[in-house]
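J.: Got chain A sorted already, so can you dock chain B onto it with the hints?
There are 2 protein chains.
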Amino acid sequence: MAETDRFYVLVTNDDGPFSPGLWLLYDSIEELADVEIVVPETPKSASGLGITLHKPLRVSRIEIGGKQITTINGTPSDIVYVATSLKRRSFDLVVSGVNIGDNTSIQVILSSGTIGAAIQAALLGLPAIAFSAEVRDPTQLEEPDMRYMIMSFAKKIVRRVLSKGLPRGVDILNVNFPSIPTSEVEVAAPAIRRFENKLVKRKDPRGLEYYWLYGLPVSPEEGTDVHSLLVKKRITITPISLRSLLNVRELIDTVRHELLEN
Amino acid sequence: MAETDRFYVLVTNDDGPFSPGLWLLYDSIEELADVEIVVPETPKSASGLGITLHKPLRVSRIEIGGKQITTINGTPSDIVYVATSLKRRSFDLVVSGVNIGDNTSIQVILSSGTIGAAIQAALLGLPAIAFSAEVRDPTQLEEPDMRYMIMSFAKKIVRRVLSKGLPRGVDILNVNFPSIPTSEVEVAAPAIRRFENKLVKRKDPRGLEYYWLYGLPVSPEEGTDVHSLLVKKRITITPISLRSLLNVRELIDTVRHELLEN
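In order, the protein sequence lines correspond to chains A and B. If you read the first sequence in the working numbering, its first letter stands for residue 209, the second for the next number, and so on. If you read the second sequence in the working numbering, its first letter stands for residue 209, the second for the next number, and so on.
This is chain A alone, in the form it adopts within the complex (with noise of 0.2 Å):
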């Protein structure tokens, strides 16, 4: 096959160059496609789709055991409309990930700078497929198993998207991997909410009163996406449709009807 048809894979996350998550789905897909590797310069969890517009990007080359990676100082977000722009073909597909820490429900799926890349490509008509494991530390991830089950899933799903594209009417696949190594899937719906958001007062060495916002776990309902990777231990994956934030038709009729005609 010619260097020109191969298929062209951003592969980006919102960890940063140092993310193991991030190696291992190169090292998942290098033999599927040619890679460029766009990753923010620092961690940018829970960044969301935020875009950088107050201040001036930098972007690097750097070299990692051997590869030529990009990194930004910028979001997940920012990352996808900048390698977009700088590269002289377009993506065949963008993958995001592997992110530490599950991203499951519609409240960490909005919140999250791995989705956020995955929807921003998305938003470009690219599709997209975003990565994350139920795990603390990024150790695990390296763990032989663990590394065997992401890899081996990942190099799959990858290479059914280049081949015959997301499934009909999906914008985006969101995988979540479970902490214990498993081959069985489950695809569900999004819960709404995974973390009740908690406020935490400390004093600072001067005295002065600050915050800490953190999340405690709220118990998963079943047939959730929350459910299936946390109680049920698969890899789950939630399809996200884009399109559906446009089917809004019924909604349309209700508010004028509800709201302006009385």
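Bear in mind the hints are in silico, worked out from the structure with no lab data behind them. Where hints are given, some of them may not hold.
Unchecked claim - Covered by chain B, according to a simulated footprint, are these stretches of chain A (three or more residues, beta-carbon under 8 Å):
1) 392–400
2) 403–411
Said to hold, decoys possible - Stretch-level coverage of chain B by chain A, calculated; a stretch enters the list once three of its residues show a Cβ under 8 Å from a Cβ in chain A:
3) 371–382
4) 398–411
5) 418–429
Unchecked claim - Once the Cα atoms are required to be at most 27 Å apart in a straight line, the calculated DSS-like pairs of lysine-lysine come out as:
6) A/Lys263 to B/Lys409
7) B/Lys372 to B/Lys295
8) A/Lys411 to B/Lys263
9) B/Lys363 to B/Lys441
10) A/Lys295 to A/Lys275
11) B/Lys275 to A/Lys409
12) A/Lys409 to B/Lys263
Note that the structure is predicted; figures quoted are calculated from it, not measured. A virtual CB, placed ideally from N, CA and C, is assigned to each residue, including glycine.
T.: Chain B in isolation, oriented as in the chain A frame:
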């Protein structure tokens, strides 16, 4: 009416305490409810649903024009969580804005701090309304006709939602005011995109390259919120349903069939 029987409304924005849009909203609704103003210290445009997990949040009380308000060194999403955690009563409604610049299309809706706050409120089960105006310059909001359009419509819609709730199936009302004062209102579905994101390369005084990311408007498609606002110059309401993201039963079957069974 006893003090505690009054409605209790959180007003926030992504432009900070000195945006005239904030005060327009406050002036519109203060006679309808007890109003708590909690805003980011500094402008946080395009912060999306980003949440601040990595750094401490500082909460300050300041007085502007005789009104005590709270500022937080965080995103609009942070503010919803901090404000709901610190308050004794629960809010009957969260309103966000009036943003300097419109927030139309899925692309902008999901990246907007103004709407990010409304989405976080909706995830907490609180009714939410986001207000934005198609202006570039904050002073445009202070022109008498503009002020009249915004105040009278904001008051009408807030009164309606406080007394009867949001229309069935709607989680967030996204209201955009056109650059030319009008009384005409249209309810529309979101366009997919509002901007084509562009990148421009510059050199700093030391000769090092950097980039600015910016957006060029795409030509608005009829029937969308972007068209209603920018071309027809109507007050435009985009209803948003987080629940529509849950209606993926059909997608789930497709993914199962196309991705896993073959």
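J.: Does each hint fit the structure? Answer for all of them.
T.: Hints versus structure:
no.	hint	in the structure
1	392–400	holds (count 6)
2	403–411	holds (count 4)
3	371–382	holds (count 6)
4	398–411	holds (count 7)
5	418–429	holds (count 5)
6	A/Lys263 to B/Lys409	holds, 13 Å
7	B/Lys372 to B/Lys295	holds, 24 Å
8	A/Lys411 to B/Lys263	holds, 14 Å
9	B/Lys363 to B/Lys441	holds, 20 Å
10	A/Lys295 to A/Lys275	holds, 17 Å
11	B/Lys275 to A/Lys409	holds, 25 Å
12	A/Lys409 to B/Lys263	holds, 13 Å
The structure is consistent with each of the numbered hints, conforming to all of them.
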